[in-house]
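Undergrad: Using our numbering, the first residue of the sequence shown is number 117, and each one after it goes up by one.
Treat the hints with care, since some could be wrong.
Said to hold, decoys possible - Think about it this way: if two alpha-carbon atoms lie no more than 27 Å apart in a straight line, the pair counts; the simulated DSS-like pairs of lysine-lysine are:
no., residue 1, residue 2
1, Lys202, Lys378
2, Lys156, Lys167
3, Lys296, Lys187
4, Lys378, Lys187
5, Lys187, Lys380
6, Lys202, Lys380
7, Lys296, Lys202
8, Lys202, Lys187
These are calculated hints, taken from the structure and not from any lab test.
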Amino acid sequence: MRSVASPRTEVLNQSPPFCDVDLFACDVPLKEAVAAYGAKDHTTELSAFGKLWGSAEMAELGRLANENLPKLQTFDARGFRRDEVKFHPAYHELMAVSAHAGLHNSTWTSSGAAAGGNAEVLRAAKFFIAAQVETGHLCPITMTRASVAALASNEALRARIMPVLSQRAYDPGFAPWWGKRGMTIGMGMTERQGGTDVRANISRAERDGEAYRIIGHKWFMSAPMCDAFLVLAQTDGGLTCFFMPRFTPDGEINALHFQRLKDKLGNRSNASSEVEFEAAYALRLGEEGRGVATIIQMVSLTRQDCAIASAGLMRSGLAHALHHARHRSVFQKRLADQPLMRSVLADMALQVEAATALVMRLCRAFDRASTDPNENATMRLMTPVVKYWVCKSAPPFLYEAMECLGGNGYVEEGILARHYREAPVNAIWEGSGNVMCLDVLRVMAREREVAEAVLADLERQTHDLPECAGALTRIRTALRAPEAESHARDAVEQLALVVAAAALAPVHPGHAALFAQTRLAQRHSLMYGASGLAPRDVEDLLARALP
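Using the sequences plus the hints, can you model the full thing?
TA: Take a look at the structure:
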């Protein structure tokens, strides 16, 4: 007799897993933004990358890396200091795949010079895709890539490091960096008493021949598994930047004594630590007293990656929400066909289109900054603007994506709960929202010609977009007023919206106008789906979001 499934065990009306997809090919706005900003000849390479990261296997690696947290081994079995961080194999596989793709070094030549061309845009597209699957491991990837900018202040050291760092290989071995197939570099800036105010640091560096010995602590030491770190410490000449390897030149473990790993809301696959330095060996980068100026080159690049990762997380939230809505039936009709849900999804799609175009536009400025003064000015003013808006947009956006899935979006079996926990770190790390606003005010005050050149260029780019001219007038007034700091958040957000509209215009002029109309001409509601989009715009946005 043929068995009949019990109604209690039969599973109906559930969306299939969103995996085994090409995360590049199914993202029309990303493809068009990459083409618009200089990397149109890399479609085949990016599609292969999108297929790999869109596979069920990579999704499983991301899950495993976050469910099996890193562990600190402070001592070995004989009682000697070890201070080593142990990871699940899934984490190492994620690192290996990202390193093989050059996410940690492809914007530099083998000697440490900027690669130029479209290297930043191409890498950003890959970083954007990888962030949709697992973001935690990208922390050491980001810092390694960014560290090369700071290493330029010590050419002899950079010449020794680059032959190892420039390899598209990941070597997880706990060994001196100079004998490895590849290496990663972390960062330690903040201390207990200072946080963002790094000039309040009390760690002290004393000369020891050509090197220094550092005594002190770091409240946040990012990615303690790395082969070396860039750290700040006080010298007789003031706050100074140093290169601190895990092993001293004689092959002994350096005196970095990790106290514990941080118990974080998100970013769980990545280890963050508290550390004490007990006369730890280090080499100086840059002049004494120039520590902030030296490391700020690195910070600018890490801020860029914060924005790219946040945009990638938003894209993943949209893709999962739209995929679910197309397979879920509610009230005898597909969820994706319900007018209210279509309005929500289309409004979300418009936000992601703008964020995607904006980060790619910023990356083009990084590509051209060394040869084009206008692009250099754009990079300097817009990096904190873009970081502020994109990173702050991600957490509420991902909540909305979770709600599109209902209860299925809130449980840990899906990826959106992890994305939601992950999103705030990008707004907090490498300068919180207030710090970004203060950086914008600093450029406006100290580099008026640079700022005015960027704003004038924005006027030209947005002259035919709704409300942008009026918004720029208000922005100028607010950012130059005596009480500018009190209004900086609103002014920087408005500036980001204008820049996003300008960035979207070469990608999709109609959607650039729509974005400006719904975000500037009227004050955009905090809730998605309240922009009153016309049916034809809804249809177009949804079709582009996930063909």
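Undergrad: Are the Cα positions of Lys202 and Lys378 separated by 27 Å at most?
TA: 14 Å, holds
Undergrad: Check the hint pairing Lys202 with Lys380 against an upper bound of 27 Å on the C-alpha distance.
TA: The given pair, whose Cα atoms are some 17 Å apart, holds under the 27 Å limit.
Undergrad: With the threshold set at 27 Å, check whether the alpha-carbon distance from Lys156 to Lys167 stays at or below it.
TA: Status holds; Cα separation ~18 Å.
Undergrad: For the pair we were handed, Lys296 and Lys187, check the Cα-Cα distance against 27 Å.
TA: 23 Å, holds
Undergrad: So if I understand the rule, the pair passes when the alpha-carbon distance is 27 Å or less; does Lys187 with Lys380 pass?
TA: Cα-Cα ~13 Å, so holds.
Undergrad: Taken at face value, is the distance from the CA of Lys202 to the CA of Lys296 at most 27 Å?
TA: Holds: Lys296 and Lys202 sit about 18 Å apart, inside 27 Å.
Undergrad: Checking one constraint from the list: CA of Lys378 to CA of Lys187, max 27 Å. Satisfied?
TA: Measuring from Cα to Cα gives roughly 11 Å; hence the hint holds.
Undergrad: Could you grab the alpha-carbon distance between Lys202 and Lys187 and see if it respects the 27 Å cut-off?
TA: OK: Lys202 and Lys187 at ~5 Å, within 27 Å.
In this structure, every one of the numbered hints holds.
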